[in-house]
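As given, the protein sequences belong to chains A and B, one line each in that order. The letter at position 30 of the first sequence is residue 278 when you use our numbering, and the numbering goes up by one with no holes. The letter at position 410 of the second sequence is residue 397 when you use our numbering, and the numbering goes up by one with no holes.
It cannot be assumed that every hint is accurate.
What the hints assert, rightly or not - Chain A is nowhere near these chain B residues, computed Cβ spacing over 12 Å in every case:
# : residue
1 : G55
2 : T164
3 : T170
4 : S179
5 : D186
6 : G280
7 : Q302
What the hints assert, rightly or not - Computed from the model, here is a short list of chain B residues facing chain A with C-beta under 8 Å:
#  : residue
8  : E12
9  : A17
10 : M20
11 : L21
12 : G22
13 : D35
14 : D42
15 : F47
16 : K50
17 : Y142
18 : G143
19 : D144
20 : F145
Derived by calculation from the structure, the hints in this document are not laboratory data. Note that the coordinates shown come from a computational prediction; the quantities given were computed from them, not determined experimentally. Glycine included, every Cβ here is placed at the ideal spot set by N, Cα and C.
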Amino acid sequence: MKWQADVLFTGNAKADVLRLDAPISFWGGVDPVTSKIVLANHPQLGLPVANKILVIPQLVGSSSSSAVMLELVYKKMAPQALVLCRRDAILPIGVLVAQQMDWPTIPVVVLADAPFQSGEHLQIDESGTITKCD
Amino acid sequence: MKLSDEERSVLNGDIGEPADRMAMEIVTQAGRMLGADSLIKIESTHIDGCLYHGDSGALFCEKLVEGGGKVKVPSTTNVGALNLMDPKQSRLPEPQRKMALRLMVAHSRMGCTPSWTCAPYQAGARPRFGTQVAWGESNAVAFVNTVLGARTNRYGDFLDIACAITARAPNYGLHRTENRIATLILDVGRLSARLKNEDAFYPVLGSLIGRLAGETVCVVDGMATEPTDDQLKALCAGAASTGAVGLIHIVGVTPEAPDLATALSGQAAEETIVVSHQMIIDTRDSLSAAGQGSIDSVALGSPHFSTSECQQLLQLAEGKKFQVPVYICLGRHTVEALEADNSKQQLEDLGVVLVVDTCIVVTPILPATPGIMMTNSAKFAHYATGNTGHQPVFGTLSDCVASAQQGRLVRDQTVWGVQ
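So here's chain A without its partners, still in its complex pose (with noise of 0.2 Å):
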């Protein structure tokens, strides 16, 4: 099956979904150093976020989680991918300072009520198609 979404910062990833069930600032939220999720009570308290392309259905609160995503790339901690529900400049920010930097940098893209799961394995190209691997 394929999705075309939004693309928000162009790049190709391929990687299992990490998809956070409950809203989270990054800032507070996830530990730049190790990656993980560290919002107590979060369903996904303590898992990283390294590696995945993670699935974010609902953002909240501090404009500082455009620091936490540079301190991410910069750490080499940082996701394959995001997948947005809601257009958000506040962690492509990160990515786009990455980007300025000469760093890595990961696709952010959008698409409402994105239906991934965690532990499935998917692919998004450069043009904001993202299709599910068996």
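Given chain A, put chain B in place with the hints provided.
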């Protein structure tokens, strides 16, 4: 996106320094992501990106400096991770300490005004009504939109400095008139006038507004009193810590809400919530994690304490020394004023620890062993546990002073009235 010839020339690197091109690239790309059709010129910025979150942010700002990056509009700085007047006050370890300092220095080198305060609007930076600005720090964003009627979105790390260097911001959100119209009414008319005169009512109401309104623009009706600058500061900070609140209209108080109909732009509200006394009490109680016993510290000044709040504390204390450390976070502009009339000495004689240029929830200053931290700030109460491990207890400034003098919780519940 429609760009002017000048904007396009900067983007292409035909005019300006390398940092100008980098900044224009970030502003235009962010604008595209947000769906903005153009950029607008801005008159000032308040930069939140000077607080250390990791080496990468410092390296980026140093690259801007090396690329000739200079802010093109008056730009104040938010708190950093160090008290530059007493750098050892924070227990931030090396090598983070060095990088935190490099990040602050990079902002100074780009021409920012080194205000290092989360209340720049009390340090002389007060954008005029209707002007377009690009401010960071959630409480300052809410204050600028709400109290001053200038226009900003919630600008965060990197986009803030990029806006300052380009003197541009994406034209979207609260920059545009149609997005500043209230759709939710919060009616506080049934609350007693006495309660609405209490300083401690404002942070609590703010917290409640954040929870009820989230990102929605709301209008508070029935205030009936003229809140002070400090009360509005506390309200905005409370609201912006519990919700993504950028603008709150207050009928008869804030410039875009001379009356209810104007705040609603003549349309019917989508929802009206009548705020009950019980909602205020429940919100107040949600700001406390403990109810009795000893306390380990008192933290004041989120947002940064003003000169008049310091004077109020001195009056309440009546010269009686504190039994636990009382941390007052404030800007250097306030320290100067306190030095001028000897208030600084009087505060220190009581046992006050002045935390300048920074704040106790962004850098390790509170006692290393977590304990009970009393505060009159909803924002401190909100962030205390997650950022410091200390358990918050909320009270009035008078409660905080009495508790600090006795080393245990003392709270006068009569100010909250009876149901």
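Taking the hints in turn, this is what the structure says about them:
Every CB of chain A is more than 12 Å from the CB of G55 of chain B (nearest about 14 Å), matching its label as outside the interface. The non-interface label for T164 of chain B is consistent with chain A: the shortest C-beta to C-beta separation is roughly 21 Å, beyond 12 Å. Consistency note on T170 of chain B: stated as away from chain A, and its beta-carbon is indeed over 12 Å from all of that chain's, at 19 Å minimum. For S179 of chain B, the requirement that its beta carbon stay farther than 12 Å from each beta carbon of chain A is met, with the minimum near 33 Å.
With a minimum CB-CB distance of about 26 Å to chain A, D186 of chain B clears the 12 Å threshold, and the non-interface call stands. In this structure G280 of chain B is separated from chain A by more than 12 Å, as the shortest Cβ-Cβ distance comes to about 23 Å. Distance to chain A confirms Q302 of chain B as a non-interface residue, since its nearest Cβ pair spans about 36 Å, more than 12 Å. A least Cβ separation of about 7 Å between E12 of chain B and chain A falls short of the 8 Å threshold, and the interface hint therefore holds.
The interface hint given for A17 of chain B holds, since its Cβ lies 5 Å from the closest Cβ of chain A, which is under the 8 Å cut-off. Satisfaction of the interface hint for M20 of chain B is found here, the shortest Cβ-Cβ separation to chain A being roughly 5 Å, below the 8 Å cut-off. Because the smallest distance between the Cβ of L21 of chain B and any Cβ of chain A comes to about 5 Å, under 8 Å, the interface hint for this residue holds. Hint on G22 of chain B holds. Least Cβ distance to chain A is approximately 6 Å, under the 8 Å limit.
Among the interface hints, the one on D35 of chain B holds; its C-beta lies about 7 Å from the nearest C-beta in chain A, closer than the 8 Å criterion. For the restraint placing D42 of chain B at the interface with chain A, the shortest Cβ-Cβ distance is roughly 7 Å, inside the 8 Å limit, so the hint holds. For F47 of chain B, the shortest C-beta to C-beta distance to chain A is roughly 5 Å, which falls under 8 Å, so the interface hint holds. Among the interface hints, the one on K50 of chain B holds; its C-beta lies about 7 Å from the nearest C-beta in chain A, closer than the 8 Å criterion.
Evaluation of the Y142 of chain B hint against chain A yields a held restraint, the C-beta minimum of about 7 Å falling below 8 Å. Taking 8 Å as the C-beta cut-off, the interface hint given for G143 of chain B holds, the closest approach to chain A being about 2 Å. For D144 of chain B, the shortest C-beta to C-beta distance to chain A is roughly 4 Å, which falls under 8 Å, so the interface hint holds. Given hint, F145 of chain B at the interface with chain A, holds; its Cβ is 5 Å from that chain's nearest Cβ, closer than 8 Å.
Consistency with the previously given hints is maintained throughout, with no hint failing.
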